[in-house]
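As a plain string of letters, each chain reads:
There are 2 protein chains.
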Amino acid sequence: MTRIGLDAMGGDFAPQAAVEGAVMALNEIKADSRIVLFGNKEAIIAELEKHQVDQSRFDIVHTSEVIEMGDHPAQAFQKKTDSSITVGFKYLAEGKIDGFASAGSTGAMMVGSVHVIRVIDGVIRPTIATAIPTISKGKVLLLDIGLNVDCKPEVLEQYALIGSIYAESVYGIPSPRVALLNIGEEEAKGNAQSKAAHLLMKESAEKGLYNFVGNVESSYLFTGKICDVAVMDGFVGNTVLKLCEGLYAINRKMGSVNQFWDGMNYESAGGTPVLGINAPVTIGHGKSTPLAIKNMILSTENTILSQLTQKLKHAFKTESSLQ
Amino acid sequence: MTRIGLDAMGGDFAPQAAVEGAVMALNEIKADSRIVLFGNKEAIIAELEKHQVDQSRFDIVHTSEVIEMGDHPAQAFQKKTDSSITVGFKYLAEGKIDGFASAGSTGAMMVGSVHVIRVIDGVIRPTIATAIPTISKGKVLLLDIGLNVDCKPEVLEQYALIGSIYAESVYGIPSPRVALLNIGEEEAKGNAQSKAAHLLMKESAEKGLYNFVGNVESSYLFTGKICDVAVMDGFVGNTVLKLCEGLYAINRKMGSVNQFWDGMNYESAGGTPVLGINAPVTIGHGKSTPLAIKNMILSTENTILSQLTQKLKHAFKTESSLQ
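Quick mapping for you: the protein sequence lines, in order, are chains A and B. Residue numbers for the first sequence follow the numbering used here, so the first one is 1 and each next one is one higher. Residue numbers for the second sequence follow the numbering used here, so the first one is 1 and each next one is one higher.
These aren't lab readings, by the way, just hints derived from the structure by calculation. Any given hint might turn out to be false.
Any copy will do: because identical chains look the same in the list, a pair fits if it lies in one copy or spans two.
What the hints assert, rightly or not - Using 25 Å as the maximum straight-line C-alpha spacing, the simulated DSS-like pairs for lysine-lysine come out as follows:
hint: 1; residue 1: Lys30; residue 2: Lys317
hint: 2; residue 1: Lys311; residue 2: Lys50
hint: 3; residue 1: Lys30; residue 2: Lys79
hint: 4; residue 1: Lys195; residue 2: Lys152
hint: 5; residue 1: Lys253; residue 2: Lys137
hint: 6; residue 1: Lys202; residue 2: Lys90
hint: 7; residue 1: Lys313; residue 2: Lys50
hint: 8; residue 1: Lys189; residue 2: Lys287
hint: 9; residue 1: Lys80; residue 2: Lys202
hint: 10; residue 1: Lys253; residue 2: Lys225
hint: 11; residue 1: Lys287; residue 2: Lys225
hint: 12; residue 1: Lys253; residue 2: Lys195
hint: 13; residue 1: Lys311; residue 2: Lys139
hint: 14; residue 1: Lys41; residue 2: Lys207
hint: 15; residue 1: Lys311; residue 2: Lys195
hint: 16; residue 1: Lys311; residue 2: Lys96
hint: 17; residue 1: Lys225; residue 2: Lys242
hint: 18; residue 1: Lys242; residue 2: Lys139
hint: 19; residue 1: Lys189; residue 2: Lys152
hint: 20; residue 1: Lys139; residue 2: Lys253
The model shown is predicted, which means the values in this text are computed figures rather than measured ones.
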């Protein structure tokens with residue numbers, strides 16, 4: 001039995017959008033998966049009734065508080081002990097659910113990820129990732145997309161390993177091609193950080209940790225020809241992501257949308273996984289629609305079933321033994 | 001009389017594309033402007049004859065050598081004393097031409113810019129810039145787009161001033177809105193570099209040096225609503241530029257091109273100005289078409305006529321007196 005936890009109170013349109021997304025997901029999750037909703041029981045049931053769905057298909061964990069967007073994440077996480085996010089993380093830490101997703105406070109989700117679920121032994125810094133579309137139908141995993149800036153080269157090197165394992169387990173790409181985002185193809189190009197990271201990745205690849213294909217320039221990210229995973233500092237990754245979002249919005253407004261650009265839609269992305277921690281956690285966009293919530297539930301389920309956490313733990317044990 | 005120097009031997013399709021571009025520009029330059037072509041006289045005349053143009057409308061400075069893409073820029077610049085680029089810079093330094101443009105070796109163009117024309121007193125590092133389109137019809141100047149990585153905050157602060165003066169003189173935007181590219185709107189967001197640069201820009205704005213409007217996230221660059229100039233480290237700028245190029249190429253291949261996306265076409269950009277040096281220098285794309293060359297000539301003329309160099313010199317004199 002797989003238990004996927006969802007914060008029913010998270011997001012700008014909660015609980016409506018969250019509950020509706022959960023109802024939509026019911027038809028797509030595996031037969032032995034269950035969705036566990038955290039939030040105000042009365043409000044959740046009221047929403048479920050709108051959809052004429054068999055309520056027994058959900059587990060509901062009643063919580064009386066909500067961490068609001070304006071709250072200080074760390075303080076609220078501690079003080080609002082009966083908030084949907086705080087209780088969700090408690091359940092996740094105790095193994096009562098196998099993964100937790102929320103479109104609520106990103107800050108509070110990170111507090112729970114780092115302080116309750118904790119970083120996997122050997123991982124210097126956790127990371128957040130997303131996928132962008134390519135014209136060859138596949139996708140490219142970008143990490144870090146904004147959690148860590150001023151990354152040490154060693155941190156970027158670890159992101160290569162994390163990204164490789166994620167792309168292999170969750171996307172099912174065998175021996176994913178991992179590249180370092182850089183401003184030139186040659187090894188010696190880039191800034192101090194990327195030059196040093198390139199050398200470290202090369203070493204790790206020689207040890208067989210992953211399939212490092214060298215640098216990728218941003219112009220080639222969308223071709224799908226160079227890499228399946230692109231590693232970058234969170235400042236650059238966040239800039240890349242937001243640039244794509246901005247151009248997607250413009251294209252959409254102009255009516256020039258197609259399959260490629262549709263792949264930029266956050267709703268289909270299924271939220272942002274927090275990687276390098278001891279359980280699957282997914283963070284959704286604050287403005288998540290029911291469709292976005294549905295996809296976030298499915299991607300969280302997928303991450304659970306892929307045994308990503310176990311694989312990451314194993315890999316970092318192996319990596320440390322190789323040092 | 002304005003004399004615009006053009007390297008007729010520069011670019012993948014020289015001298016054909018360069019000369020054709022010069023012929024196209026003839027009808028658009030001012031009545032008292034002249035184009036001075038540097039290169040093999042015989043080859044240039046052979047090209048001019050193809051276009052049945054009055055050759056007396058050009059000045060031709062015969063040069064016997066060409067700096068090739070494979071050459072080491074600094075060495076070739078020194079050794080090939082009769083190359084079109086080396087001679088072009090000599091003419092520029094001596095005031096025999098008022099600006100110089102080439103689609104040839106970027107490295108050699110930078111050597112000439114820094115070592116022959118030299119950096120304006122007070123400027124820490126020169127920079128290269130480009131414009132991206134906005135949906136509000138205007139454009140946004142991005143700098144630096146790849147010349148300087150690991151920029152000190154002081155360098156970014158100067159780019160704000162340089163960009164402001166450029167946008168005002170060359171684009172004719174009064175009191176241009178200058179923003180710092182960052183990963184959050186709030187002052188305290190970003191990496192160590194952007195946080196420090198933000199504070200410096202704020203101080204300079206308080207002194208009246210330019211109109212600093214704070215941070216801009218990459219998602220808002222194309223709206224035109226936030227800024228006319230966006231300052232960033234060369235690593236980030238080059239990534240932004242190449243991402244735009246990659247997406248432009250995809251959109252074009254997919255046939256979904258419109259006025260906004262046309263603005264991403266390097267051919268209409270008119271080359272990349274080198275800013276912060278003692279004369280107007282423009283570097284074109286290696287693959288420049290005649291149209292790209294034509295626009296590069298016009299943007300170089302525009303830069304000369306705007307008296308950008310004089311304005312930059314004046315501003316850095318003033319800035320140093322304010323310290």
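Hint by hint, here is what the structure shows:
1. Lys30 x Lys317: Intra 31 Å, inter 70 Å, cutoff 25 Å: neither.
2. Lys311 x Lys50: Neither: 40 Å inside a chain and 67 Å across chains, both beyond 25 Å.
3. Lys30 x Lys79: neither (36 Å within a copy, 71 Å between copies)
4. Lys195 x Lys152: both (11 Å within a copy, 18 Å between copies)
5. Lys253 x Lys137: Classified as both; 23 Å inside a copy, 15 Å across copies.
6. Lys202 x Lys90: Neither. Shortest intra-copy (39 Å) and inter-copy (44 Å) distances fail the 25 Å Cα cut-off.
7. Lys313 x Lys50: Answer is neither; intra-copy 42 Å and inter-copy 69 Å both fail.
8. Lys189 x Lys287: Between copies only: 21 Å across, 39 Å inside.
9. Lys80 x Lys202: neither (46 Å within a copy, 38 Å between copies)
10. Lys253 x Lys225: Only across copies: Lys253 and Lys225 sit 16 Å apart there, 29 Å inside one copy, limit 25 Å.
11. Lys287 x Lys225: between (33 Å within a copy, 22 Å between copies)
12. Lys253 x Lys195: neither (39 Å within a copy, 33 Å between copies)
13. Lys311 x Lys139: within (21 Å within a copy, 48 Å between copies)
14. Lys41 x Lys207: So Lys41 and Lys207 fail the 25 Å test inside a copy (52 Å) and across (57 Å) alike.
15. Lys311 x Lys195: neither (28 Å within a copy, 37 Å between copies)
16. Lys311 x Lys96: within (20 Å within a copy, 68 Å between copies)
17. Lys225 x Lys242: Both. Shortest intra-copy (23 Å) and inter-copy (16 Å) distances satisfy the 25 Å Cα cut-off.
18. Lys242 x Lys139: both (17 Å within a copy, 18 Å between copies)
19. Lys189 x Lys152: Intra 17 Å, inter 19 Å, cutoff 25 Å: intra and inter.
20. Lys139 x Lys253: Classified as both: same-chain Cα gap 24 Å, cross-chain 19 Å, threshold 25 Å.
In this structure, the hints that do not hold are numbers 1, 2, 3, 6, 7, 9, 12, 14, 15, in rising order.
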